[in-house]
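Engineer: Chains G, L, V, Y, B, U and D with the ligands: place on chain F using the hints.
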Amino acid sequence: MTAQFMQGNTACAEGALVAGCRFFAGYPITPSSEIAEILSYRLPALGGKFIQMEDEIASLAAVIGASVGGMKAMTATSGPGFSLMQENIGYAAMTEIPCVIVNVQRTGPSTGLPTSPAQGDVMQSRWGTHGDHPIIVLSPSSVMETFRLTVTAFNFSEKYRTPVILLMDEVVAHMREKVDLPAPEQVEVVDRIQTNVPPEWYFPYEETASDVPPLVSFGQGFRYHITGLFHDVRGFPTERLDEIQPWLKRVFAKINNNLSDILMYEEEDTRGARTVVLAYGSTARSARHAVRLARARRHKAGFCKLLTIWPFPEEAVERLAHTAKRIVVPEMNLGQLALEVERVAGRHKVRRVNRADGEMITPQQILEAIEG
Amino acid sequence: MTAQFMQGNTACAEGALVAGCRFFAGYPITPSSEIAEILSYRLPALGGKFIQMEDEIASLAAVIGASVGGMKAMTATSGPGFSLMQENIGYAAMTEIPCVIVNVQRTGPSTGLPTSPAQGDVMQSRWGTHGDHPIIVLSPSSVMETFRLTVTAFNFSEKYRTPVILLMDEVVAHMREKVDLPAPEQVEVVDRIQTNVPPEWYFPYEETASDVPPLVSFGQGFRYHITGLFHDVRGFPTERLDEIQPWLKRVFAKINNNLSDILMYEEEDTRGARTVVLAYGSTARSARHAVRLARARRHKAGFCKLLTIWPFPEEAVERLAHTAKRIVVPEMNLGQLALEVERVAGRHKVRRVNRADGEMITPQQILEAIEG
Amino acid sequence: MPDEEVALQEKTTEKKTKRRPRGEVRLFGKWCKGCGLCIAFCPQGVFEANGEGRPVVAHPEKCTACDWCVVHCPDFAIQVRRLDDQEGKG
Amino acid sequence: MPDEEVALQEKTTEKKTKRRPRGEVRLFGKWCKGCGLCIAFCPQGVFEANGEGRPVVAHPEKCTACDWCVVHCPDFAIQVRRLDDQEGKG
Amino acid sequence: MVKGTTKAPGRYEIRLAGEGGQGLILAGVILAEAAAIYDGKNAAQTQSYGPEARGGASKSEVVISEGEIDYPKVIEADLLLAMSQEACDKYYHNLKRDGILIVDSVNVSRVPTSKAYRVPITRLAEEATGRRLVANVVSLGVIVGLTGIVSRQAIEAAVSARAPRGTKELNLRALEAGFRAAEELKAQVTG
Amino acid sequence: MVKGTTKAPGRYEIRLAGEGGQGLILAGVILAEAAAIYDGKNAAQTQSYGPEARGGASKSEVVISEGEIDYPKVIEADLLLAMSQEACDKYYHNLKRDGILIVDSVNVSRVPTSKAYRVPITRLAEEATGRRLVANVVSLGVIVGLTGIVSRQAIEAAVSARAPRGTKELNLRALEAGFRAAEELKAQVTG
Amino acid sequence: MHTELREKHEIYDYLRHSKKFPVMWCAGCGIGIVLGAIIRAIDRMGLDRDRVAMVSGIGCTGRMPVYVDFNTMHTTHGRALAFATGLKLARPDMYVLVVMGDGDALAIGGNHFIHAARRNMDLTAIVVNNNIYGMTGGQYSPTTPLHMRATTAPYGNIEPPFPLCELAKAAGASFVARSTVYHATELDRLIEQAIARRGFSVVEAVSYCHTTYGRLNRLGAAVDMMRWLKENSVTLAQAEKMSPEERETKIVRGILLDREGPGYVDLYDEIIRQAKAAENG
Amino acid sequence: MHTELREKHEIYDYLRHSKKFPVMWCAGCGIGIVLGAIIRAIDRMGLDRDRVAMVSGIGCTGRMPVYVDFNTMHTTHGRALAFATGLKLARPDMYVLVVMGDGDALAIGGNHFIHAARRNMDLTAIVVNNNIYGMTGGQYSPTTPLHMRATTAPYGNIEPPFPLCELAKAAGASFVARSTVYHATELDRLIEQAIARRGFSVVEAVSYCHTTYGRLNRLGAAVDMMRWLKENSVTLAQAEKMSPEERETKIVRGILLDREGPGYVDLYDEIIRQAKAAENG
Ligand SMILES: Cc1ncc(C[n+]2csc(CCOP(=O)(O)OP(=O)(O)O)c2C)c(N)n1
Ligand SMILES: Cc1ncc(C[n+]2csc(CCOP(=O)(O)OP(=O)(O)O)c2C)c(N)n1
Ligand code: SF4
Ligand code: SF4
Ligand code: SF4
Ligand code: SF4
Ligand code: SF4
Ligand code: SF4
Ligand SMILES: [Mg+2]
Ligand SMILES: [Mg+2]
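Residue numbers (the working numbering), protein chains in the order written: chain F, 1 to 372; chain G, 1 to 372; chain L, 1 to 90; chain V, 1 to 90; chain Y, 1 to 191; chain B, 1 to 191; chain U, 1 to 281; chain D, 1 to 281.
The shape of chain F in the complex, shown without the other chains:
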């Protein structure tokens, strides 16, 4: 493919298609609506299906239903819709049904500033639904990265049987950049694990070596049960501790034992850096800009960009904290991922740079934090 000039939202839609997404259900909301619009046009030609549901709750429900039917499925929304999806996000986690939820962050709380960027849903993406559950959250900082992380989101979702949240922000979503999309056949696409046992031997929630049991779609002769209640290996409701405890252990293990696969971050000049700027999403662009300016001014500054924000890359941050004197954490919110950085790195090492007023953090602001 030749170079194209496209928006983050377009790249997200294209990434989804390349990853094998064949179902999209959504409810329009700025600044995510383009994803739905593009897919409403593109999916049918690929034999896929698009449906605009009556609200966001129904959208995620339909996505999970389609995934149970064997289609890779996705929805896209922004803060208010993401808040409404929380109950069903928990359902997907509990039932271990793969699905991808795109949240293009705008400024909140509430209706806030519907057309302005923010990173205010970082903690929500981890903790928005009730009860303890694992989840994976990825955050792109460029149009090309949006394409790639959308593919990765689907891959993780299928591989680990977990909902994956692609946490974009309005800047990345609406920014246009040149991208060179790879040919579909050059993209690694992961499909869910199938089983090779006969139906009688199939347990949709059994413990396996990988901690991820195979997932057979409905309609293939396996006739099992899915429920949001705690369940045994067959999927039937249980209240037995000896069935609940292994489930809890397994679903966390399937994520925690694969951190080397799941955690993605990029470092630049962190070795020997006195100050490391740790950022994600569009703020990482300001951060990198600032670090380059700082280095030009002979500051020993390094840059680390998180692509995976949940699970939080504890070890990497611990390592950075070990060598650096200070970690600057700029976020378009009033300090969210910084809480984790503080926890891991120690509060005294962290300098937060925050704003949640609808404007991007400028390189200038970060530079001041590096220098100050």
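Just so you know, not all the hints are guaranteed correct.
Pairwise CB distance ranges (calculated) [unchecked claim]:
1) U:243 - D:198: 26 to 34 Å
2) G:260 - U:146: 51 to 59 Å
3) U:17 - D:198: 25 to 33 Å
4) B:109 - V:45: 29 to 37 Å
5) D:198 - G:47: 18 to 26 Å
6) G:207 - B:10: 38 to 46 Å
7) F:372 - G:207: 25 to 33 Å
8) V:60 - D:219: 27 to 35 Å
9) F:252 - G:241: 37 to 45 Å
10) V:30 - B:112: 20 to 28 Å
Hints were generated in silico from the structure; no laboratory data involved. Cβ coordinates follow ideal geometry from the N, Cα and C atoms, glycine included.
Structural biologist: Below, chains G, L, V, Y, B, U and D with the ligands alone, put in the same frame as chain F:
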């Protein structure tokens, strides 16, 4: 009043009535339904109103609407319903409309174990809605405390014009204990600040010395505007930084400048303690039990119970961490408030005791952590 | 009682005079919760309540295999085999 | 066009022959967005579009104070004062 | 009879277990109320129940103490009332070594220890009142009769206060039947 | 003409500001596309717009650079196109000291500096094509003509590619009108 | 009738033997009867059970799927139709049955109900209407009759109930029918027709909850409520002969609406054809 | 008519002078016309504006309240009726008007809409139906006609639209009426009657969105769409003379339902009396 033997849910309903609650809208869900049932019976006789709405979203909406109309108002739910309420919690925070939301925690995620206790919504109660916003969360550990904290929840809500979440758990909600309820006239009840300026001079979001502007109910001749968009001092939508930034500053200040009023915790034997057990909700009962056992075995153990869990009592925990060698944090979840304790106290000092399988944490488990 | 269900019963009753079908009633005690529906509604009064209110097949010979009890037992605790029907499973 | 709106207009037209009401049209340029509704629908053709498509009161004398434009301007940019009605505010 | 509680001084733990619909939660409430309101002690009552609207396992726990009660659940039961076989099987292991086991011999056939008190509680209820429904109140008579954990006046007052309109007499008869059974058992043991 | 960019070498920042409906976002996209696709540079285009479906302030920003573009927004504009008085007032202060200000003299009467290029862009659009709608394309001609920030072939190709079916000629005429205006202005300045 | 009787015993074939029986419902609860009716309908139609899915929300009724050997899914409260919509679109070859309580379908789930009807989504919705929230202990529901008591209506209910079937019709359903658990074999025939119909079909299975609603309103035990259903319901034909006032007090049974027309799935297939043609053309 | 004309100028009295004008809507958008109609209705009724509340959800229509000098509240998308329900119960003396777009009222808000109707909650719902999600740029809504294009229906819409008024009737509303923004003075009279009626009343104000829907479907500018409304709508009386097929293609204007009966507020007051009596008795 003479001693009564009652359930936590009853104490919550009674507390609400004493605090002046005259409106309840809710949607039934175990283990919170008794609160609605009692109030459906009790409110009309007091001239108040009860309505069962079509879902939890509508319930909180109606509560906020009634509060705008001048009635102290409350809803009660559990995890799944609480997840659904998230969008409107953000609305209440953004519009600074007082309301009390009771979440009687059951075991999640998803439908989980509907009749079993948990403390799995601790992070959600802080971060469940999108965007940055302040909030107050209280957590009682006994029937009497439920009564008192319900009153406090209303008082804080009215005083600070903020949604307040009363985070109960199934144990406290359904446990019956002897209580000696104070006579209504002996209970301190706070009403929202009224204005004494004429309508033309009234700005519902103006900056005041206390950071809490007076709130006049609809229908009293003040005819102002309320919106979930960022707004100026009159309540009209704005995108101006010089109006958004002061709003953000003020709404956080109204909480952060009043921490000495808002933060409630109780300490026992913490002075000189090597190990402090820090707990909240029904787990605090196991914790106190364990600490007493430990002290009987000559361990230098102390006990600290948090009644306010958000905002997190940073200073108190910092102080405890300063003197104690170890802080044990038992929670009926897989480690939620412990994240904050680790952030403030340092990770190495914290020992977590967790379970999220529907059973209470036993004194034995905590004792092992104290001794181990 | 002019509805379809009742029509069914009437037909059964009517048949009695011709070649009255007969049924063999089996009751799964383990699944039965003793709700009493079969006792109250069996058109032939086949069931009676024991001391605990649970059904016993008191008058097996009266059964016309009308299947009311089979279709209405909420616990799937009753099977009726048509005695005049060699193909009948169950 | 037998609906209420049109009936209103017809009544107005009819009156013309007797004592034709007259109106003074005022246009708030600042609020007008130039949507053209008044131009297209004024039954008397009072408005005309300028080069930018915005309305100008081209034929003020034709106005019958029927109020169509007042009621339909989505931007509240038109006021019409009845000239034959001393009490009319405006 | 309360001597079994020495290991946890001042704290007496009772577990009432059986099936939904047997009224065990109410029994726990009445017992705890007798202790807390009418005897002036401290008491905490908790319960666990399945998602099932009716039927399924049901469990009610009462902790009675002179002092404050922190942990409100049974740690090691001083007394277990088992109204179903399942309950007996499930909870017996958690009974204190010298704790008291009372089983409703109508519903429980396999009893894990010979030291159990086998009482045909459901039958006693029916015999005394004609209604099996009040088996829970009979069991209270048995428990209090055997242990004296609350005073007789207290339990009578508590039962009376909770009895639905017009059923006070009936319930007190059921209670009395329980007390009588307890007396007989005590006589057997001592005798 | 690109000499104004010395302060931030390799990075040229353009802000197109006016009202919703003036097509400034599209203009930004075309300009950025000309740079990125047809001239092989790097470019990032961002925008901001009110909640209003139409009307209200609108702003489109283009950063063009030989190197990588991190921060994608304007830090200090090298060029400001103001298509409304409000935009001119609001963004002028953020123009680089020797940055270029182009105003549509049809809509902007108060110009904060005498060094501004006043071009009757909307009128030029109407004159050249009969349609005010293509003012945004005229403005591209002016910008590229004055700065050379992208090549003429590139902007022509980008405009052609984005022109709705059947409007390519018209749009190229508009672009040409912009170029002509730029030539005249340059002649004035040098002359 | 002979073959029918034979089939009846097949019910056990459809129950999941790995699941603990008896079912979790209260003694005498009508939900089990509806389950039996559904199984009979499917058995009679001879559907391949691998191609049958049963989706439910939360409530006593919501517990139905766990007992039957289909592809079963117990979702979140009120959302079953939305989950089922996704499943159906992904697997148009499957028969997707959605079982819901009155609260599940019409309180929290009311919007999904009317939208599935509007879209004419190819699903079979079976609503077990017991006029109450059974699972949570007897709070009033959108179908609780006026003046009746519920734990949250201690003074009697003042909210007029939804006419479930009228609502389904107004919203756009293709097939709407009603019967009661007393009329269990009528019920299974209606369910059969509902499954056969393309588009959105609704069967209201009128049941009762003696445990909560019955107790609170002193309506007696299951037997009494069952008798009430028997005595207070009429067929459509009978209803037509009644005065409106008289009809008001009766449960009208039968097919209330049955209209042909493409369902959503067919229409979307048309879009796929169109899009593919455009792609290739 | 004289007094009426006089009053028209009072509109400016009701606009908030502290708010930036002109209104935020696109040039020619009908929402402003509906706002004018509401103001005229309230003015004619002589309501004390301190006792008037206007509640909205999110959407272009949702921006209406900010411009008028009542007690105004712009809530979350789809939930306006639920907020309004709480407000009305707390302040039964107030007139609570709820203005919503078609998406707001019937997509995400559909459940609150039918439940407010069912409860006969004393609110006046005014739905500005432009057959599209205007605010978010032209995605199809539950009232988009079949086959029409929207940004999310690039191949034409295959979801049959809701018959808004029929749905309101089936759900239990007390008063249901429809008119168009072309018939602006008819609209204000209908709104007046709706406000006067106890219980839940609905006015569908048929409008258009030339910016999104009009553009995507090549229906021309505001003037063209306004003309379409003029030419394609009929009064109830006219409609009755038409064949069903002909009627189908028309927008029928007028009062479609008007029934007496106590609203929720009155019924609840009765409960309060009852409970207080029990307390004292
Ligand atoms: C979001 C959410 N809210 C509330 C509940 C609690 N809840 C469970 S079932 C139910 C209603 C049950 O009533 P219905 O749907 O009529 O089913 P039934 O039990 O009567 O069959 C409710 C309110 C829940 N599980 N989830
Ligand atoms: C929970 C939520 N979902 C989605 C949106 C985005 N959104 C804003 S307005 C709107 C629909 C607007 O359509 P309509 O209600 O018909 O109003 P109109 O703009 O046409 O007047 C949507 C989907 C939102 N604000 N909140
Ligand atoms: S109907 Fe079934 S459950 Fe009920 S009593 Fe008869 S056999 Fe038992
Ligand atoms: S089949 Fe059942 S109901 Fe019918 S006669 Fe026999 S026992 Fe009675
Ligand atoms: S109707 Fe109003 S806004 Fe439209 S052109 Fe006329 S005056 Fe201007
Ligand atoms: S009032 Fe307006 S519409 Fe009527 S004639 Fe005068 S200008 Fe024309
Ligand atoms: S509570 Fe009611 S609906 Fe639920 S199982 Fe019991 S009788 Fe049936
Ligand atoms: S987008 Fe449509 S509905 Fe919204 S203001 Fe413009 S014309 Fe009106
Ligand atoms: Mg029900
Ligand atoms: Mg609309």
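Engineer: Mind checking the hinted window 25 to 33 Å against the Cβ distance between residue 372 of chain F and residue 207 of chain G?
Structural biologist: For residue 372 of chain F and residue 207 of chain G the Cβ distance comes to about 28 Å; the hint holds.
Engineer: At the C-beta level, are residue 243 of chain U and residue 198 of chain D separated by a distance inside 26 to 34 Å?
Structural biologist: At roughly 28 Å between Cβ atoms, residue 198 of chain D and residue 243 of chain U fall inside 26 to 34 Å, so the hint holds.
Engineer: Is 18 to 26 Å a correct range for the gap between the Cβ atoms of residue 198 of chain D and residue 47 of chain G?
Structural biologist: At roughly 21 Å between Cβ atoms, residue 47 of chain G and residue 198 of chain D fall inside 18 to 26 Å, so the hint holds.
Engineer: Take the C-beta atom of residue 17 of chain U and the C-beta atom of residue 198 of chain D, compute their distance, and say whether it sits inside 25 to 33 Å.
Structural biologist: Between residue 17 of chain U and residue 198 of chain D, where Cβ atoms are some 58 Å apart, the hint is violated.
Engineer: Could you see if the CB distance from residue 260 of chain G to residue 146 of chain U stays within 51 to 59 Å?
Structural biologist: The hinted range 51 to 59 Å holds for residue 260 of chain G and residue 146 of chain U, with Cβ atoms some 53 Å apart.
Engineer: Are residue 207 of chain G and residue 10 of chain B spaced within 38 to 46 Å by their CB atoms?
Structural biologist: Given a distance of about 45 Å, which is inside 38 to 46 Å, the answer is holds.
Engineer: Should the hint that residue 60 of chain V and residue 219 of chain D are 27 to 35 Å apart at their CB atoms be regarded as holding?
Structural biologist: holds, 33 Å
Engineer: Between residue 30 of chain V and residue 112 of chain B, is the Cβ distance one that fits in 20 to 28 Å?
Structural biologist: At 23 Å between Cβs, range holds.
Engineer: Given a hinted range of 37 to 45 Å, is it respected by the beta-carbon distance of residue 252 of chain F and residue 241 of chain G?
Structural biologist: Given about 42 Å between the Cβ atoms, the range holds.
Engineer: Starting from the hint 29 to 37 Å, judge whether the C-beta atoms of residue 109 of chain B and residue 45 of chain V obey it.
Structural biologist: Holds, at about 33 Å.
In summary, the structure is inconsistent with hint 3 from the numbered list given earlier, while agreeing with all the others.
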